[in-house]
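J.: Count the sequence shown with full-length UniProt numbering and you get residues 1 to 337, in order.
Think of the hints as simulated: they come from the structure by calculation, not from any bench. Computed from a predicted model, the values in this text were never measured in an experiment. Note that beta-carbon positions come from the ideal geometry of N, C-alpha and C, so glycine has one too. Errors might be hidden in some of the hints.
Lysine-lysine pairs mimicking BS3-like chemistry, simulated, CA-CA at most 25 Å apart [stated by the list, open to error]:
#: 1; residue 1: 22; residue 2: 69
#: 2; residue 1: 315; residue 2: 332
#: 3; residue 1: 315; residue 2: 273
Computed beta-carbon distance windows for the label pairs [to be verified]:
#: 4; residue 1: 336; residue 2: 1; range: 44 to 54 Å
#: 5; residue 1: 305; residue 2: 14; range: 32 to 42 Å
#: 6; residue 1: 26; residue 2: 275; range: 45 to 55 Å
#: 7; residue 1: 153; residue 2: 244; range: 19 to 29 Å
#: 8; residue 1: 192; residue 2: 30; range: 27 to 37 Å
#: 9; residue 1: 106; residue 2: 26; range: 37 to 47 Å
#: 10; residue 1: 14; residue 2: 304; range: 32 to 42 Å
#: 11; residue 1: 222; residue 2: 28; range: 10 to 20 Å
#: 12; residue 1: 147; residue 2: 223; range: 15 to 25 Å
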Amino acid sequence: MQDRTHLVDDITGHRRMRRNRKADWTRRLVQENRLTVDDLIWPIFIVPGSGIVDPIPAMPGVNRMSIDKAVEAAREAAGLGIPALATFPNIEMELRDETGSNSLEANNLINQATGAIKKAVPNIGVITDVALDPFTSHGHDGILRGSEIVNDETVDQVARAAVMQADAGADIIAPSEMMDGRIGAIRMALDAAGHQSVGIMSYATKFASAFYGPYREAISTGGLLKGDKKTYYIDPANGTEAIRDAALDVEEGADMLMVKPGLPYLDICWRMKEAFGLPTFAYQVSGEYSQIKAAAMNGWIDGERAMLETLLSFKRAGCDGILTYFAVEVAKILSKR
(Lines of atoms letter the chains of each structure in order from A; the text may use other names.)
(Lines give C-alpha, C1' and ligand atoms only; values in the text may rest on other atoms or scores of the structure.)
Protein backbone atom coordinates (compact mmCIF):
# COMPACT_ATOMS: atom_id res chain seq x y z
CA MET A 1 0.00 0.00 0.00
CA GLN A 2 1.26 3.43 -0.89
CA ASP A 3 2.37 5.47 2.11
CA ARG A 4 0.30 8.65 2.03
CA THR A 5 1.81 10.19 5.12
CA HIS A 6 2.17 13.92 4.61
CA LEU A 7 4.77 16.30 5.96
CA VAL A 8 2.02 17.78 8.13
CA ASP A 9 1.56 14.37 9.80
CA ASP A 10 5.23 14.29 10.72
CA ILE A 11 5.10 17.88 12.00
CA THR A 12 2.01 17.34 14.15
CA GLY A 13 2.80 13.79 15.23
CA HIS A 14 -0.38 12.66 13.47
CA ARG A 15 -2.46 14.91 15.72
CA ARG A 16 -4.81 17.02 13.61
CA MET A 17 -7.06 19.43 15.48
CA ARG A 18 -9.42 19.82 12.53
CA ARG A 19 -10.69 16.22 12.77
CA ASN A 20 -13.17 17.25 15.47
CA ARG A 21 -14.26 20.30 13.45
CA LYS A 22 -14.99 18.57 10.15
CA ALA A 23 -18.81 18.39 10.47
CA ASP A 24 -21.65 19.99 12.36
CA TRP A 25 -22.34 16.82 14.32
CA THR A 26 -18.74 16.48 15.51
CA ARG A 27 -18.57 20.13 16.47
CA ARG A 28 -21.73 19.72 18.52
CA LEU A 29 -20.44 16.51 20.07
CA VAL A 30 -17.26 18.09 21.44
CA GLN A 31 -18.59 21.57 22.29
CA GLU A 32 -17.25 22.51 25.72
CA ASN A 33 -19.65 25.28 26.71
CA ARG A 34 -23.30 25.94 25.91
CA LEU A 35 -25.52 28.93 26.48
CA THR A 36 -29.01 28.03 27.67
CA VAL A 37 -32.02 29.96 28.89
CA ASP A 38 -31.13 28.80 32.41
CA ASP A 39 -28.08 31.10 32.26
CA LEU A 40 -30.09 34.31 31.85
CA ILE A 41 -31.12 36.98 34.34
CA TRP A 42 -33.09 39.89 32.87
CA PRO A 43 -32.53 43.37 34.36
CA ILE A 44 -35.61 45.59 34.04
CA PHE A 45 -36.33 49.23 34.91
CA ILE A 46 -39.42 50.26 36.88
CA VAL A 47 -41.13 53.69 36.80
CA PRO A 48 -44.17 55.07 38.66
CA GLY A 49 -47.58 55.11 37.01
CA SER A 50 -49.48 52.60 34.92
CA GLY A 51 -49.57 51.58 31.30
CA ILE A 52 -46.07 52.93 30.71
CA VAL A 53 -43.54 51.42 28.31
CA ASP A 54 -40.92 54.14 27.86
CA PRO A 55 -38.04 53.41 25.44
CA ILE A 56 -34.53 54.29 26.64
CA PRO A 57 -32.77 56.08 23.75
CA ALA A 58 -29.28 54.94 24.73
CA MET A 59 -30.39 51.31 25.01
CA PRO A 60 -32.32 50.37 21.85
CA GLY A 61 -34.91 47.72 22.62
CA VAL A 62 -34.90 48.37 26.38
CA ASN A 63 -37.78 50.15 28.11
CA ARG A 64 -38.68 51.63 31.45
CA MET A 65 -41.93 50.00 32.56
CA SER A 66 -44.64 50.76 35.07
CA ILE A 67 -45.39 47.96 37.50
CA ASP A 68 -48.34 46.58 35.52
CA LYS A 69 -46.19 46.35 32.39
CA ALA A 70 -43.34 44.84 34.39
CA VAL A 71 -45.73 42.11 35.52
CA GLU A 72 -46.56 41.42 31.87
CA ALA A 73 -42.85 41.31 31.10
CA ALA A 74 -42.29 38.89 33.98
CA ARG A 75 -44.97 36.59 32.57
CA GLU A 76 -43.26 36.66 29.17
CA ALA A 77 -39.88 35.94 30.76
CA ALA A 78 -41.25 33.04 32.79
CA GLY A 79 -42.93 31.64 29.68
CA LEU A 80 -39.58 31.65 27.92
CA GLY A 81 -37.94 29.86 30.86
CA ILE A 82 -35.85 32.78 32.12
CA PRO A 83 -35.14 32.00 35.78
CA ALA A 84 -35.02 35.49 37.30
CA LEU A 85 -35.41 39.23 36.93
CA ALA A 86 -33.22 41.94 38.44
CA THR A 87 -35.26 45.07 39.12
CA PHE A 88 -34.08 48.70 39.21
CA PRO A 89 -36.32 51.67 40.07
CA ASN A 90 -36.45 55.13 38.51
CA ILE A 91 -38.28 57.08 41.18
CA GLU A 92 -39.58 60.63 41.08
CA MET A 93 -36.94 63.35 41.53
CA GLU A 94 -38.84 64.90 44.41
CA LEU A 95 -38.40 61.67 46.39
CA ARG A 96 -34.59 61.71 46.07
CA ASP A 97 -32.48 63.28 48.79
CA GLU A 98 -28.95 63.33 50.22
CA THR A 99 -29.44 60.10 52.16
CA GLY A 100 -31.68 58.14 49.78
CA SER A 101 -34.31 57.94 52.48
CA ASN A 102 -36.97 56.57 50.14
CA SER A 103 -35.04 53.28 50.13
CA LEU A 104 -36.43 52.80 53.65
CA GLU A 105 -40.07 53.21 52.66
CA ALA A 106 -41.67 49.78 52.90
CA ASN A 107 -44.07 50.60 50.06
CA ASN A 108 -41.57 52.28 47.75
CA LEU A 109 -41.51 51.62 44.01
CA ILE A 110 -39.05 48.74 44.06
CA ASN A 111 -40.92 46.91 46.81
CA GLN A 112 -44.28 47.45 45.14
CA ALA A 113 -42.84 45.95 41.97
CA THR A 114 -41.50 42.93 43.83
CA GLY A 115 -44.83 42.26 45.49
CA ALA A 116 -46.77 42.57 42.24
CA ILE A 117 -44.39 40.36 40.26
CA LYS A 118 -44.22 37.64 42.91
CA LYS A 119 -48.00 37.62 43.27
CA ALA A 120 -48.61 37.32 39.53
CA VAL A 121 -45.62 35.16 38.57
CA PRO A 122 -44.53 33.29 41.70
CA ASN A 123 -42.25 30.90 39.80
CA ILE A 124 -39.82 33.60 38.62
CA GLY A 125 -37.01 34.81 40.86
CA VAL A 126 -36.75 38.47 41.82
CA ILE A 127 -33.32 39.93 42.55
CA THR A 128 -33.17 43.40 44.10
CA ASP A 129 -30.35 45.87 44.65
CA VAL A 130 -30.03 47.94 47.82
CA ALA A 131 -27.55 50.52 46.49
CA LEU A 132 -28.83 54.04 47.09
CA ASP A 133 -28.09 55.66 43.72
CA PRO A 134 -31.70 55.41 42.44
CA PHE A 135 -32.81 57.19 45.64
CA THR A 136 -30.19 59.92 46.13
CA SER A 137 -30.22 63.48 44.81
CA HIS A 138 -26.48 63.27 44.06
CA GLY A 139 -26.41 59.96 42.16
CA HIS A 140 -23.99 58.18 44.49
CA ASP A 141 -24.54 54.65 45.79
CA GLY A 142 -24.25 55.70 49.42
CA ILE A 143 -24.94 58.54 51.83
CA LEU A 144 -23.08 61.76 51.06
CA ARG A 145 -21.76 63.76 54.02
CA GLY A 146 -19.85 66.80 52.83
CA SER A 147 -17.63 65.42 50.10
CA GLU A 148 -17.47 61.85 51.48
CA ILE A 149 -19.60 58.81 50.79
CA VAL A 150 -19.78 57.52 54.36
CA ASN A 151 -19.31 53.77 54.69
CA ASP A 152 -20.77 52.71 58.01
CA GLU A 153 -23.93 54.82 57.92
CA THR A 154 -24.58 53.57 54.39
CA VAL A 155 -24.13 49.97 55.52
CA ASP A 156 -26.67 50.49 58.32
CA GLN A 157 -29.19 51.85 55.83
CA VAL A 158 -28.75 49.23 53.10
CA ALA A 159 -29.08 46.46 55.69
CA ARG A 160 -32.42 47.91 56.78
CA ALA A 161 -33.51 48.33 53.15
CA ALA A 162 -32.54 44.71 52.43
CA VAL A 163 -34.92 43.47 55.12
CA MET A 164 -37.75 45.55 53.64
CA GLN A 165 -37.01 44.16 50.19
CA ALA A 166 -37.08 40.64 51.59
CA ASP A 167 -40.35 41.42 53.38
CA ALA A 168 -41.77 42.45 50.00
CA GLY A 169 -40.84 39.08 48.52
CA ALA A 170 -37.35 39.50 47.05
CA ASP A 171 -35.66 36.13 46.62
CA ILE A 172 -32.09 37.42 46.38
CA ILE A 173 -30.57 40.68 47.62
CA ALA A 174 -27.80 41.94 45.34
CA PRO A 175 -25.98 44.84 47.04
CA SER A 176 -23.97 46.87 44.54
CA GLU A 177 -22.85 49.93 46.49
CA MET A 178 -19.43 48.42 47.36
CA MET A 179 -19.30 49.55 50.98
CA ASP A 180 -16.97 47.61 53.26
CA GLY A 181 -18.78 45.11 55.49
CA ARG A 182 -22.11 45.30 53.72
CA ILE A 183 -22.48 41.57 53.01
CA GLY A 184 -22.05 40.54 56.62
CA ALA A 185 -24.36 43.30 57.85
CA ILE A 186 -27.08 42.35 55.38
CA ARG A 187 -26.77 38.66 56.23
CA MET A 188 -27.11 39.39 59.93
CA ALA A 189 -30.08 41.68 59.35
CA LEU A 190 -31.87 39.20 57.10
CA ASP A 191 -31.36 36.34 59.53
CA ALA A 192 -32.51 38.43 62.50
CA ALA A 193 -35.69 39.22 60.57
CA GLY A 194 -36.34 35.56 59.81
CA HIS A 195 -35.20 35.70 56.18
CA GLN A 196 -32.67 32.89 56.35
CA SER A 197 -33.81 31.60 52.94
CA VAL A 198 -33.18 34.91 51.15
CA GLY A 199 -29.87 34.73 49.31
CA ILE A 200 -27.19 37.36 48.72
CA MET A 201 -25.64 37.82 45.30
CA SER A 202 -22.71 40.08 45.99
CA TYR A 203 -21.52 42.56 43.41
CA ALA A 204 -18.17 41.22 44.55
CA THR A 205 -16.06 43.09 42.03
CA LYS A 206 -17.69 46.25 40.72
CA PHE A 207 -15.23 48.36 38.78
CA ALA A 208 -15.06 52.14 38.26
CA SER A 209 -15.94 51.59 34.62
CA ALA A 210 -16.80 53.72 31.61
CA PHE A 211 -19.48 51.22 30.58
CA TYR A 212 -22.29 52.35 32.92
CA GLY A 213 -23.44 55.45 31.05
CA PRO A 214 -26.68 54.17 29.46
CA TYR A 215 -27.77 52.63 32.78
CA ARG A 216 -27.46 55.99 34.45
CA GLU A 217 -29.74 57.41 31.79
CA ALA A 218 -32.20 54.59 32.45
CA ILE A 219 -32.54 55.47 36.15
CA SER A 220 -32.05 59.22 35.64
CA THR A 221 -28.87 59.58 37.70
CA GLY A 222 -26.40 60.59 35.01
CA GLY A 223 -27.03 64.32 35.34
CA LEU A 224 -27.12 64.13 39.14
CA LEU A 225 -23.73 62.59 39.82
CA LYS A 226 -21.35 64.83 41.73
CA GLY A 227 -17.75 63.74 41.21
CA ASP A 228 -17.08 60.06 40.54
CA LYS A 229 -17.32 56.72 42.32
CA LYS A 230 -13.64 55.86 42.50
CA THR A 231 -13.50 55.97 46.31
CA TYR A 232 -15.69 52.88 46.52
CA TYR A 233 -15.62 51.11 43.14
CA ILE A 234 -12.54 49.07 42.19
CA ASP A 235 -9.80 50.47 39.96
CA PRO A 236 -10.00 48.71 36.55
CA ALA A 237 -6.22 48.16 36.77
CA ASN A 238 -6.44 46.06 39.95
CA GLY A 239 -7.19 42.36 39.51
CA THR A 240 -5.64 41.14 42.76
CA GLU A 241 -7.49 43.77 44.77
CA ALA A 242 -10.72 42.61 43.14
CA ILE A 243 -10.13 39.03 44.29
CA ARG A 244 -9.31 40.23 47.81
CA ASP A 245 -12.56 42.19 47.81
CA ALA A 246 -14.49 39.11 46.70
CA ALA A 247 -12.80 37.01 49.39
CA LEU A 248 -14.16 39.29 52.09
CA ASP A 249 -17.67 38.91 50.69
CA VAL A 250 -17.29 35.13 50.73
CA GLU A 251 -16.17 35.24 54.37
CA GLU A 252 -19.12 37.48 55.25
CA GLY A 253 -21.67 35.04 53.84
CA ALA A 254 -22.32 35.78 50.17
CA ASP A 255 -24.14 32.94 48.44
CA MET A 256 -23.24 34.04 44.91
CA LEU A 257 -20.66 36.37 43.39
CA MET A 258 -20.94 38.80 40.50
CA VAL A 259 -18.44 40.58 38.28
CA LYS A 260 -19.49 43.96 36.87
CA PRO A 261 -18.97 44.91 34.05
CA GLY A 262 -18.64 41.62 32.26
CA LEU A 263 -16.73 41.47 29.00
CA PRO A 264 -13.75 43.68 29.97
CA TYR A 265 -13.28 41.55 33.10
CA LEU A 266 -13.44 37.94 31.89
CA ASP A 267 -10.12 37.32 33.62
CA ILE A 268 -11.73 38.28 36.93
CA CYS A 269 -14.65 35.93 36.29
CA TRP A 270 -12.22 33.06 35.80
CA ARG A 271 -10.03 33.94 38.77
CA MET A 272 -13.02 34.33 41.07
CA LYS A 273 -14.60 31.02 40.08
CA GLU A 274 -11.28 29.23 40.46
CA ALA A 275 -10.55 30.85 43.83
CA PHE A 276 -13.90 30.38 45.57
CA GLY A 277 -16.04 27.86 43.69
CA LEU A 278 -19.24 29.77 44.47
CA PRO A 279 -21.88 30.35 41.81
CA THR A 280 -20.40 33.16 39.75
CA PHE A 281 -22.21 35.64 37.53
CA ALA A 282 -21.31 38.44 35.16
CA TYR A 283 -23.34 41.57 34.52
CA GLN A 284 -23.23 42.44 30.83
CA VAL A 285 -23.81 46.11 31.55
CA SER A 286 -25.60 48.79 29.58
CA GLY A 287 -22.53 50.05 27.75
CA GLU A 288 -21.71 46.56 26.54
CA TYR A 289 -25.28 46.10 25.34
CA SER A 290 -25.46 49.48 23.63
CA GLN A 291 -22.18 48.97 21.79
CA ILE A 292 -23.44 45.79 20.18
CA LYS A 293 -26.84 47.28 19.38
CA ALA A 294 -25.37 50.46 17.88
CA ALA A 295 -22.85 48.60 15.73
CA ALA A 296 -25.53 46.19 14.53
CA MET A 297 -27.94 49.03 13.70
CA ASN A 298 -25.22 50.60 11.57
CA GLY A 299 -24.57 47.33 9.77
CA TRP A 300 -21.02 47.10 11.09
CA ILE A 301 -21.43 43.70 12.78
CA ASP A 302 -23.86 40.81 12.82
CA GLY A 303 -25.70 41.75 15.99
CA GLU A 304 -27.17 38.35 16.75
CA ARG A 305 -23.87 36.53 16.34
CA ALA A 306 -21.99 39.13 18.40
CA MET A 307 -24.62 38.94 21.14
CA LEU A 308 -24.44 35.16 21.38
CA GLU A 309 -20.65 35.09 21.13
CA THR A 310 -20.20 37.53 24.00
CA LEU A 311 -22.67 35.65 26.19
CA LEU A 312 -20.90 32.36 25.46
CA SER A 313 -17.60 33.97 26.45
CA PHE A 314 -18.95 34.39 29.99
CA LYS A 315 -19.69 30.69 30.17
CA ARG A 316 -16.19 29.89 28.94
CA ALA A 317 -14.79 32.17 31.64
CA GLY A 318 -16.51 30.08 34.34
CA CYS A 319 -19.74 32.01 34.87
CA ASP A 320 -22.86 30.14 35.95
CA GLY A 321 -25.10 32.85 34.53
CA ILE A 322 -25.29 36.34 33.07
CA LEU A 323 -27.34 39.41 33.83
CA THR A 324 -28.09 40.74 30.37
CA TYR A 325 -30.53 43.10 28.67
CA PHE A 326 -30.47 40.62 25.79
CA ALA A 327 -32.20 37.98 27.93
CA VAL A 328 -35.60 37.90 26.21
CA GLU A 329 -34.10 38.22 22.73
CA VAL A 330 -31.69 35.36 23.43
CA ALA A 331 -34.34 33.18 25.06
CA LYS A 332 -36.49 33.46 21.94
CA ILE A 333 -33.56 32.46 19.71
CA LEU A 334 -32.66 29.51 21.92
CA SER A 335 -36.27 28.29 21.98
CA LYS A 336 -36.14 27.78 18.21
CA ARG A 337 -33.01 25.65 18.25
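J.: Find the hints from earlier in the document that the structure breaks and name them by number, from lowest to highest.
T.: Hints 1, 6, 8, 9 and 11 not satisfied by this model.
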